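**Student:** If you want the building blocks of each chain, they are given just below.
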Amino acid sequence: MNPAPSIVFFTVASGAGYGLLFWMGLLRPLGLVPGGAAFGAGAVGLALVLIMLGLLSSTAHLGRPERAWRALSQWRSSWLSREGVAAVVTFAPAGLFFIAVIGGKEWLAWWTGLLAAAGAAATVYCTGMIYASLKPIRQWHNPLTTPGYLLFGAFSGAVLLAMLAAFWGAAAVPAAIAALLGAGSFVFKRVYWASIDAAPPVATMESATGLGFIGKVRPLDPPHTETNYLLREMAFRIGRVHAARLRRIASLVGFAAPAVLLALALPMGGVPAGILALAAALLALVGLLAERWLMFAEATHTVALYYGVGEPR
Amino acid sequence: MTSLPTPAPGAKKLGLVIDLDTCVGCHACATNCKEWNTSGHMAPLPDRNAYSAGQEGVWFNRVHAYEAGEGEEGRTVHFPRSCLHCETPACVTVCPTGASYKRAEDGIVLVNTDICIGCQLCAWACPYGAREFDDDAGVMKKCTLCVDRIYNETIPEPQRVPACVSTCPAHARHFGDLGDPESAVSKLVAERGGVELMPELGYKPVNRYLPPRRAPKADAGPPKEAGPLPSRITNPLLRWVDKVLSR
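Same order as they appear, the protein sequences are chains L and Z.
Read in order, the letters of the first sequence correspond to residues 1 to 313 in this note's numbering.
Read in order, the letters of the second sequence correspond to residues 1 to 247 in this note's numbering.
If we strip away everything but chain L, and leave its shape as in the complex, we get (with noise of 0.2 Å):
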């Protein structure tokens, strides 16, 4: 499949900003973060200008997106329709909790920053299910893409938060989940990428072709010279290439290095926990950004097969 940047760029800031907004609603109650309206306003504000950011850049994607609003309608059928009705409802709890948090209605902010967090839990779900429904697309269509993108918006939610509770002085608690998240996604995405390896394609050129009684199918002549749609978009092949080469820079830098770092953060305090906790979170999102263009541009499409360029068998 083809990577595109918008929808990359939007699944990647929208998932940390949401994974922010759930370690806030969540956290801020128990008090295992800085409270004041400042820190508040900062965790809060970052969550909804990485949501935004991701939501806008998602209409890049579309044909028309001065039409997105009609996106909302088919919550009944459509994944991708509930994703939006789920984005637009969380922005009142999540509105009202970046007010209650700066106006220090902390009654307010408790309930407000938990109805949030389901907020973002529920769009993220609704994210990972996108993709998890598509059967043509078998690395996709596979029972951990979900609760990839849950981990995986945690994750960076967490990264985030410990980011800046670091510069608040108080990054143990963030810090502690974040790394644990990190080696968990770590070891989850190599769980995910040994599935994908050893499940069989999901048709074959002879079931596409209902040719297979005759015999082995090849391609002879292609419909056309030049290339389509269906070539660009789902025929997209130079991430298999160097597939291998890309996952160890994904779970690396994404997932591993900032676990370590903020492991070594957590004993210290000021200054150097801040720096490293910073380094923490860039290289978690420039993982991410490698992990989600690789999610894309390993999958295969069934149609794919009609070109005599599927998967190899």
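In short, the hints are calculated from the structure, not lab data.
Treat the hints with care, since some could be wrong.
[Claimed, not checked] Not the full set, but computed from the structure, chain Z residues with beta-carbon under 7 Å of chain L: (1) Tyr66; (2) Glu67; (3) Ala68; (4) Trp124; (5) Gly129; (6) Val244.
Remember, it's a predicted structure, so these values are computed and weren't measured experimentally.
We treat Cβ as the ideally placed atom computed from N, Cα and C, and that holds for glycine.
Go by the hints and put chain Z onto chain L.
**Tutor:** Chain Z only, in chain L's frame:
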């Protein structure tokens, strides 16, 4: 509304039956489809660089050619690919706007380009590559089963079939109601063992492909030499010998 309609018992399932035995790979279906649809329900169908390198455009029919099998069993098969108007099309249910829909009355899968946002999720959801994106209009386009021909009372009745069917010189394309077991297309599918494409994905395509017939088994031994016609044998004795030995 992108939830699928509940089919009424005996509801029409309009679709195509494509005979891979007789398709000659002439691309007339693709050409006539483009001709009709670039001014029909889905009009216009873009063509970039139509007369130079880098030509690219939206087509609802793509005619592939494959080789299948080895040696004497091997076949060259021309393979037209278009929308299969599935009974449970994921391209419809993933649509967030309701632009994609399946008609309850005849099962045709259509796009309302007035409300399509061009998110292209439907193209990802279709395993068959039936949907192509129109970059100029920013919306998705697909085969309409020539909904603007088959019910069109302003054209002569014999022409009320999809453009690809009306133009096929090899009569390899058939159009009809696959929901009616007594229809000509259903009988053809039953007689020739018509197949679904990628049934393992579970979208229940309506269109069927008739497999190429097997070549008759060659007899063992060297090929027989054709003799002259009996009427051409002038010698009466030889004619009698030929007649006896030919029994």
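**Student:** If a hint holds in the structure, say so; if it does not, say that too.
**Tutor:** Results of checking the hints against the structure:
no. : hint   : verdict
1   : Tyr66  : 5 Å, holds
2   : Glu67  : 5 Å, holds
3   : Ala68  : 4 Å, holds
4   : Trp124 : 6 Å, holds
5   : Gly129 : 4 Å, holds
6   : Val244 : 43 Å, violated
Hint 6 from the earlier list is the only one contradicted by this structure; the remaining hints agree with it.
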